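Asker: Sequence:
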Amino acid sequence: MAASTWETIATEAQKSLLASIPPKWRLPGPVNAGITDVRSIPRTCGLLTEKQLEITEQTASELLPKLRNGTLLSVEVTEAFCARAAIAHQCVNCLTAFFSEEAMARARELDDILSKTGKPVGPLHGLPVGIKDIFHMKGKRLTMGYVAWHDNECTTDASVVQILRNAGAVFFVRTAMPQTGMFLETWSNLWGRTKNPFNTNFSAGGSSGGDGALVAMRGAPFCPSTDIGGSIRAPGTFNGLYAIRPTAERTAKRGMGTAAPGQISIKVSCGPNCHSMSDLKLVTEILLTHHGLPFEATAVSMPWKQIEAKQGKLSFGLMTTDDCVTPHPPIARALQETAAKLRSAGHEVLEFKPPFDCWEIAHATWQLWFQTGARETIDLVKSSGEPIYPTFQWYLDFFRIKPLTVPELFKLNTKLAECRYDFTRAWHETSARTSTSRPIDALIAPCAPSASFPHGHPVWWGYFSLWNLLDYPSVVMPLKNMRVDPEKDVKDTNYTPKDNVFDRMNWEIYDPELWKNQPLTIQIVKPQFMDEELISVAETIDGICNADAYIYEDEEDEDEEDEDEEDEDEEDEDEEDEDEEDEDEEEEEEEEEEEEEEEEEEEEEEEENRWLQSVYDS
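Take the sequence shown: its position 432, counting from 1, is numbered 431 in numbering that gives the first Met the number 0, and each next residue is one higher.
Honestly, the hints are just simulated from the structure, not real lab data. In this text, all values refer to a predicted model and were calculated from it rather than measured experimentally. Where is the CB? At the ideal position from N, CA and C, for every residue including glycine. You can trust all of the hints, since none of them are fake.
30 Å max Cα-Cα, derived DSSO-like pairs, lysine-lysine:
1. K497 <-> K487
2. K309 <-> K340
3. K381 <-> K401
4. K340 <-> K304
5. K515 <-> K497
Each pair of labels, with its calculated beta carbon distance range:
6. R253 <-> G191: 28 to 34 Å
7. K304 <-> T495: 43 to 49 Å
8. D498 <-> E350: 21 to 27 Å
9. N516 <-> P260: 37 to 43 Å
10. R374 <-> E428: 38 to 44 Å
11. G138 <-> P22: 20 to 26 Å
12. L408 <-> P27: 53 to 59 Å
13. T154 <-> N516: 43 to 49 Å
14. S19 <-> D491: 44 to 50 Å
15. N68 <-> V489: 48 to 54 Å
16. P453 <-> G45: 27 to 33 Å
17. D491 <-> P453: 17 to 23 Å
18. R342 <-> T413: 39 to 45 Å
With these hints in hand, go ahead and build the complete structure from the sequences.
Answerer: Here you go:
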């Protein structure tokens, strides 16, 4: 392939993708570059009906009962998400394939089955689901962001595709991932850059950035993402979503694309990016039980344990830093406020430090990922003549990635086993410090040292990749009442960066005004194979931290809320005047207000699934 040909291939691929979007769902022109928060565009562009807005701004758990009982048809739900995904792609460039006609045919088929039999096809009956461009899907291209694979058509379905289809899912788009697949930002020469819906100047995360951006734009209820170094959790973190990296040994891996299938020291996992803890629990159970498959040779088969949210006093470890890269002020604030809320709820929070040098562990992790010196990846990139992403090359150079000898690999695998033992021992030794005399129930840690980052920045992976090395399941949970706030998250000008380039770069780029309103999250961790227990504890934390969550809207909605608050303030002032004139009249006013509030609550219960109640709950 000639060196100049890759540009033509990429241009044609992107044009073909846009052409697959029907004219009725196309924006009149490119999004204004001055608009960096694009989340409101699907609601303001005029291309979606009120019913479609209502549908797409519900969670999977809200939609599924209606799909299963026929209150909603799969065709109308699928069409709504097709329309919104098309708009989302034009805003943030999150897709690699769009096949709405095929999806609508599948939706009609499912509607017919329900109509004739009265029985839904699985727990996800009729629900549209996006699928990452890493999963083999018969008849679709698997590119993984490589120009060399631009016409790589799949002949079989990956296990994850089979699992979700067996559960009743309707696939309608394929989502973008970065060149090489090993990057916490989503960019490729073939498909371009995926942008963060909260701030298009920032990363949407990677490698499942297409998933994260699409779900954040409400273009899909959830997407099954993959993670070998943070690729589920980074998009969840930077897009304010719920996400989980389950125990890798429990997730089906057959049919996942890779340039280096022989690397098995650190295994890939699969879990959802979604909008609620109930969605996370539902989808994780389907994925980990390999729904509908007669067998799955690439994963441990375990029955799902039904565990209710934990009651009584819990003990949490709090890891505020890995002593390699200090998190930005808003990340530190998120951790401290979470700890304060848990303590106020009667739980205890103890300091926890990793029992080893995380800098050394990060280097070992990179060497285990690229045991052949990334030769397969580099050769695949070069085969098309396309250039390799400069930041990825920077990582390879920094961590001195080279082919390992057999003794070197044995030594690293021995180190891996020692790390897993040391961390498990440190976890269990916390029983000597807890008031319950049992080990901590979960560990709370940063997701990343920053709430996303500018495009191309070499971000520190350590807060994600540590749990890949240990194969500890981890949940990303958004803090719905918190965003980066320049007044609260002031840069510490007296801070002296640690003696490493990552901490120095992380601190130099921080400007609270640039990060303003970015979502904040925490990471919740449990030991290997304790996925159900992890979700149970996460449900408890979610109930404490997000019970009275304020729904962050775009500016237009915030203005409407301000007007409502002004109206309420005026009513309060009138009431105060009336109080001064006549206490009896005030009591009558209060009774009337209570009646009005009761009526409003009843109306809210009747319309609890309407779009305004669930708009951008993250």
